[in-house]
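J.: Going line by line, the protein sequences match chains A and B.
Each residue of the first sequence is one higher than the last, beginning at 1 in the working numbering.
Each residue of the second sequence is one higher than the last, beginning at 1001 in the working numbering.
Hints were generated in silico from the structure; no laboratory data involved.
Treat the hints with caution; some may be incorrect.
Here are the in silico distance ranges between beta carbons for each label pair [unchecked claim]:
#1 A:192 with B:1195: 42 to 48 angstroms
#2 B:1122 with A:188: 23 to 29 angstroms
#3 B:1215 with A:192: 42 to 48 angstroms
A partial selection of chain A residues facing chain B, derived with a Cβ cut-off under 7 angstroms [as the list claims (entries may be wrong)]:
#4 3
#5 28
#6 68
#7 116
#8 134
#9 138
#10 146
#11 224
For glycine and all other residues, C-beta sits at the position ideal for the given N, C-alpha and C.
Listed here are the chains, written in short residue letters.
Protein chains: 2
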Amino acid sequence: MTLAACEVLEKAEVIVGYKTYLELIPNFLVGKEVISSEMMKEVERCRIALTAAETGKQVALVSGGDPGIYAMAGLVYQLARESGFAGTIEVVPGLAAINSCAARLGAPLMHDFAAVSLSDLLTPWELIEKRLSAAAMADFVTAIYNPKSKRRTDQIVRAREIFLAHRDASTPVGIVTAATRENEKIAITTLANMLDHEITMQSTLIIGNSQTYTWNDLIITPRGYGNKYEL
Amino acid sequence: MTLAACEVLEKAEVIVGYKTYLELIPNFLVGKEVISSEMMKEVERCRIALTAAETGKQVALVSGGDPGIYAMAGLVYQLARESGFAGTIEVVPGLAAINSCAARLGAPLMHDFAAVSLSDLLTPWELIEKRLSAAAMADFVTAIYNPKSKRRTDQIVRAREIFLAHRDASTPVGIVTAATRENEKIAITTLANMLDHEITMQSTLIIGNSQTYTWNDLIITPRGYGNKYEL
């Protein structure tokens, strides 16, 4: 958590959030009006936060990761726009999966990268495939969000095939599951072997580019294709 | 700054960093061995940090943004590997330009995105063009790092052309210069008009995807192409 997020939570009169996230910050909840809700109730949570803010109260809506990356910020603005919300909204950036997973894996994001979610709930699968192909073809280091769920198990298989059409089977792949949580798991593997490792809905994958290598169970992408730093 | 970064700085016996960054954290330097250096001395700074760590001291190497995104983490590992460093290295993730600029602009990164640096110092320009085309063609929201320097002024012109070949001229573009610093500047513009705004080596651009819209001087990308959230 950032110092800026701590300050906002301290000043807040109302704290709204998903139950599991609020349980991680018990100290900030003391003496506050706390409204917690279950998973998948994003719209409800945002509406409650906006309604409370319209009464003039300082409201903090808690998000996991970075609210600005595949998260709550957009929904808050969308609902604010549609309801004619007249107050002030501030997005406090945080550490997204891309930041924390990269740190856990070594230094995979030292060069151009793409992030692709495999969830086809809101996005046509054809477009997701197009993005995977584009990222693979143009040698982007690629972070895969939402690789799998109970319902969706084929997408990660297809994503791997697409990358194998453009990148060597020995390309390093990192799998971080439940990053920074108690049950965090890290696997350093390759495009060839990645499906032999556990991948869940809590996993984020990072696939290296053509220059990425492993050292001491870390994934490292050089900063370029030449070598500015002759050593 | 994150609480984890504060903890590491408090525990450190030696703090190494670029002068301008160390000036931002005076309270953490009291009573420490402080080694500051000028810009562009990245290799020297990493070597000093590694050497100090090999004497058994707790060393913190300070980086701007997120050390794991286009930053120092890779160089530290590269030098550690080549010198046979035997100590422990931990990357403490932070807020990259992509996190802080997105927060400043609204919610542009709600869907798949790519980050491309226009610096051709270490990367062939042909590959950078290939990446820009791939990102534009596959409708990635795209963050442009290092858009311009005193020496390099044509790349951003070419990047815009590439996007215009795939995306509407009215596509929202956000330009954040010197994010979170005193001299921070934000411009909300379009692909058509982006070159009328100041773009410097301290700027990061975010180009929306085909669904991105503006509202109240904010850039918002919907979470999908359908609409899960009927409102």
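J.: With reference to the structure, classify each hint as holding or not holding.
T.: Each hint tested on the structure:
1. A:192 with B:1195: 42 to 48 angstroms: holds (45 angstroms)
2. B:1122 with A:188: 23 to 29 angstroms: holds (25 angstroms)
3. B:1215 with A:192: 42 to 48 angstroms: holds (46 angstroms)
4. 3: holds (5 angstroms)
5. 28: Given a least distance of 12 angstroms, the restraint on residue 28 (chain A) is violated.
6. 68: Given a least distance of 4 angstroms, the restraint on residue 68 (chain A) holds.
7. 116: holds (5 angstroms)
8. 134: This interface hint holds because 4 angstroms falls under the 7 angstroms limit.
9. 138: holds (4 angstroms)
10. 146: With a closest approach of 11 angstroms, the residue 146 (chain A) hint is violated.
11. 224: holds (2 angstroms)
Checked against the numbered hints listed earlier, the structure breaks hints 5, 10; every other hint is satisfied.
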